[in-house]
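K.L.:
Chains as they are written, first to last, in the working numbering: chain A, 1 to 370; chain B, 1001 to 1236.
No wet-lab data here; the hints were simulated from the structure. Errors might be hidden in some of the hints.
Unchecked claim - Capping the alpha-carbon separation at 20 angstroms, the derived lysine to any residue pairs in SDA-like fashion look like this:
| hint | chain 1 | residue 1 | chain 2 | residue 2 |
| --- | --- | --- | --- | --- |
| 1 | A | K318 | A | I38 |
| 2 | A | K191 | B | R1148 |
| 3 | B | K1133 | A | K201 |
| 4 | A | K5 | B | I1105 |
| 5 | A | K168 | A | W121 |
| 6 | A | K191 | B | L1129 |
| 7 | A | K149 | B | R1148 |
| 8 | A | K5 | A | I16 |
| 9 | B | K1151 | A | R13 |
| 10 | A | K5 | B | R1125 |
| 11 | B | K1151 | A | Q12 |
| 12 | B | K1151 | A | K205 |
| 13 | A | K205 | A | D227 |
| 14 | A | K5 | B | A1121 |
| 15 | A | K5 | B | Q1147 |
| 16 | A | K191 | A | I16 |
| 17 | A | K212 | B | L1129 |
| 18 | A | K318 | B | K1169 |
| 19 | A | K201 | B | I1105 |
| 20 | A | K212 | B | Q1150 |
| 21 | A | K5 | B | K1169 |
| 22 | B | K1169 | A | K168 |
| 23 | A | K201 | A | A77 |
Claimed, not checked - Partial selection, computed: residues in chain B whose CB lies under 10 angstroms from chain A:
| hint | residue |
| --- | --- |
| 24 | I1030 |
| 25 | K1034 |
| 26 | L1088 |
| 27 | L1090 |
| 28 | P1117 |
| 29 | T1118 |
| 30 | S1232 |
What the hints assert, rightly or not - DEER-style ranges, computed between Cβ atoms:
| hint | chain 1 | residue 1 | chain 2 | residue 2 | range |
| --- | --- | --- | --- | --- | --- |
| 31 | A | F268 | B | R1071 | 47 to 57 angstroms |
| 32 | B | S1052 | A | F345 | 14 to 24 angstroms |
| 33 | B | A1079 | A | V8 | 34 to 44 angstroms |
Glycine is no exception: its CB is placed at the ideal position from the N, C-alpha and C atoms.
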Amino acid sequence: MIFLKLIVTNLQRHRIRTFISVAGIAFSVAAMLTVVTILQGAIGMFSGILSSDSEIVVFERNVSDLFFSNVPSAAAAEIAGWSMVAHADPVLFGIVSSADHPIITCFGITASDARLRNATWIAGERRAFAQNADDVVLGERAAQFLNAKLGDHVPIGHGAFHVIGILKTANGFEDGGVFMPLASAQTFFHKDGTSSVITVKLRNKDDAASFKAMVKANFPSLIGLEDAEFTRSYSQFRILTATAWAVGGCGLVLGGLGVANTMIMSVFTRIREIAILRVNGFSHLQIGVMIFGESAVVSTVGAVSGLLAGTCFLVILKQVPALHGYIDVTMQPLLMLIVVLLALFTGIAGALYPAAYAMRIRAVEALRFE
Amino acid sequence: MSLPAKTPNQSRRIVLHAQDVWKSYDTGAITVLKGANLEAVEGQSVALCGPSGCGKSTLLHLFGGLDWVDRGHVSVNGAKIDRHRNLLRLLRHEVGFVFQLHNLIPDLTLAENCLIPTVAAGVDRTTALARLKQLTDRTGLTHRLDQRIQKLSGGERQRTALCRALMNKPKILLADEPTGSLDEATSTTVFNLLLDLVATEGITLVMATHDRSLAERCDRLLEMHDGRIHESQQTQ
């Protein structure tokens, strides 16, 4: 009890300094949690586009970005005919812009695509899709920012398109996107006869391995991956994830430096006190544990505060209409645990030098210290 | 050369022994002890007098294992003090220190300060609290147990430091100017208490002091000068 009080007492003595250190760790944890959660949410959303009523995505082998993938329409037709396949939907991704919006995601799809089937139609009817080359269906949010209603002609890229439907989906990318007939998209993006991917639903999920092997055998330039497999291996996702952790990691390093500074000050300002503890029988280890204990308290309070702050921030972000569907604030226990452990590790690492210094203090010299 | 006093103490066990002790600082630039010798038997009170810088504190530090001799040897309870000695056992159970400045932790209460040595030594709380009560009853501090150090008077602080030094029942008390920062009346009160405690607990006291009137009340009065210890005529 007294040992704990020795730890807490010193933190209470310098409340401002302690608060700044706790805030440093808290901001780092909140930043890491927010950045990683947002990016993982975004990755999840993007993966959701591909896995809409399908479990396998087929795309061009060795492309760094799906926007550069070219899958021949003939391949889509042949795969759709395989007995193990329930349905295979070719999808062409493109980026277009309008006057006020530099980036609008465009989906070239067939009339039978699951996205149209599963979405909630706010206006228009699914059966009207792909009747004319200039028909488009807008996601709800795209309709809002393009200020478009059913029947309007909206300028998208270098063309004007006729809005024949507005639909709502849970996916932010889709909700802010434009759906156009596959053939129109191929023309629009100068990708005649190709799609970016084929999303495939199997009759039996157990056939996934066989399906992938067949893709490899029949189309050497293509690759089929199950959704989870794709999410893990897609280079863009990996880069984004690595970036998120790196940014969060930098925050934690800064927080750790703050803790180190606090602990160094903590040791330097009570050298005499540490000497007295030594004279009263404290071992080097007990002195070290005391310093690490202070650091652990700072890190723990900082980590918990950071978790709360980060969670609150994410919940607030989720309420912003413009971000609807882009941010998934589902708390991931593993992520939270990792972030907390990293914060604790950072705090402990920050106390390494101060603790080593405190443990080396010679009582006889420190007793003369004013 | 200082030998055990020629008194009935002679038959008692030698608990502190310094033989031809040399100690210098600043890589030899300042030599404080130049072949100092001292023996103290159990239960004896020994006063070390001498001018500032003559090596009184240094000798106490050497007996407490806080510093090492350059030459010669120091032993406590028959065991040589060197880098191989279990100094934690020495500091936790064999010697207690009282300094001129009370050296208490200001944010802790009187009781918490006193309990620090028991925390270090892993003494169970019940035993520690019983010992605390015993000592604070003796020193008249029981009613101040929950007071923070800032609220205590100088005499109370020094009595607290004395209690802390005796918590783990050491058989040797090393006191470095224990009344040096107190006024005369308080100084006498604290010193009476100190002598009373060491007498009733059978503790060997080695006390560095400038106050000759206090020093003369000890069993032995040793003079330190020129890096050596000389038995005072008063205790010969």
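K.L.:
The structure should be examined with respect to each hint, and the outcome stated for every one.
P.N.:
Okay, the hints, checked on the actual structure:
1. The hinted pair formed by A/K318 and A/I38 meets the criterion: a straight-line CA distance of about 10 angstroms does not exceed 20 angstroms.
2. Annotation: proposed proximity of A/K191 to B/R1148 is violated, straight-line Cα distance about 81 angstroms (limit 20 angstroms).
3. In summary, the hint linking B/K1133 to A/K201 is not supported, as the alpha carbons are separated by about 80 angstroms, beyond the 20 angstroms threshold.
4. This hinted pair checks out: A/K5 and B/I1105 have alpha carbons roughly 11 angstroms apart, not beyond 20 angstroms.
5. Taking the CA atoms of A/K168 and A/W121, the gap is near 6 angstroms; set against the 20 angstroms cutoff, the hint holds.
6. At most 20 angstroms may separate the alpha-carbon atoms for a hinted pair to count; A/K191 and B/L1129 exceed this at roughly 86 angstroms.
7. The hinted pair formed by A/K149 and B/R1148 fails the criterion: a straight-line CA distance of about 75 angstroms is larger than 20 angstroms.
8. Among the hinted pairs, A/K5 with A/I16 is consistent with the structure: their alpha-carbon atoms are about 18 angstroms apart, no more than 20 angstroms.
9. This hinted pair checks out: B/K1151 and A/R13 have alpha carbons roughly 17 angstroms apart, not beyond 20 angstroms.
10. A distance of roughly 15 angstroms separates the Cα atoms of A/K5 and B/R1125; the hinted pair therefore holds under the 20 angstroms criterion.
11. Distance check on the hinted pair: B/K1151 and A/Q12 sit about 18 angstroms apart at the alpha-carbon level, within 20 angstroms; holds.
12. Using a Cα cut-off of 20 angstroms, the hinted pair B/K1151 and A/K205 is violated, with the two alpha carbons roughly 77 angstroms apart.
13. With a C-alpha separation of about 12 angstroms, the suggested pair A/K205 and A/D227 falls inside the 20 angstroms cut-off, and the hint holds.
14. For the proposed pair A/K5 and B/A1121, the alpha carbon gap of about 17 angstroms is at most 20 angstroms, so the pair holds.
15. Restraint check: the Cα-Cα separation between A/K5 and B/Q1147 comes to about 15 angstroms, which is no more than 20 angstroms; the hinted pair holds.
16. The hinted pair formed by A/K191 and A/I16 fails the criterion: a straight-line CA distance of about 62 angstroms is larger than 20 angstroms.
17. With a CA separation close to 74 angstroms, the supplied pair A/K212 and B/L1129 exceeds the 20 angstroms bound.
18. About 64 angstroms separates the Cα atoms of A/K318 and B/K1169, which puts this hinted pair outside 20 angstroms; it is violated.
19. A distance of roughly 72 angstroms separates the Cα atoms of A/K201 and B/I1105; the hinted pair therefore is violated under the 20 angstroms criterion.
20. Straight-line distance between C-alpha atoms of A/K212 and B/Q1150 comes to about 78 angstroms, which puts the hinted pair past the 20 angstroms bound.
21. For the proposed pair A/K5 and B/K1169, the alpha carbon gap of about 24 angstroms is over 20 angstroms, so the pair is violated.
22. For the hint pairing B/K1169 with A/K168, the CA-to-CA distance comes to about 80 angstroms; that exceeds 20 angstroms, so the pair is violated.
23. Taking the CA atoms of A/K201 and A/A77, the gap is about 14 angstroms. The hint holds against a cut of 20 angstroms.
24. For the restraint placing B/I1030 at the interface with chain A, the shortest Cβ-Cβ distance is roughly 13 angstroms, beyond the 10 angstroms limit, so the hint is violated.
25. A least Cβ separation of about 19 angstroms between B/K1034 and chain A goes past the 10 angstroms threshold, and the interface hint is therefore violated.
26. Satisfaction of the interface hint for B/L1088 is found here, the shortest Cβ-Cβ separation to chain A being roughly 5 angstroms, below the 10 angstroms cut-off.
27. Hint status for B/L1090: holds, given a least beta-carbon distance of 9 angstroms to chain A, under 10 angstroms.
28. With its C-beta approaching chain A no nearer than about 5 angstroms, B/P1117 sits inside the 10 angstroms limit, and its interface hint holds.
29. A least Cβ separation of about 9 angstroms between B/T1118 and chain A falls short of the 10 angstroms threshold, and the interface hint therefore holds.
30. For B/S1232, the shortest C-beta to C-beta distance to chain A is roughly 27 angstroms, which exceeds 10 angstroms, and the interface hint is violated.
31. At roughly 34 angstroms, the beta-carbon separation of A/F268 and B/R1071 lies outside the given 47 to 57 angstroms, and the hint is violated.
32. At roughly 50 angstroms, the beta carbons of B/S1052 and A/F345 sit outside the given window of 14 to 24 angstroms.
33. A hinted range of 34 to 44 angstroms holds for the C-beta pair B/A1079 and A/V8, which are about 37 angstroms apart.
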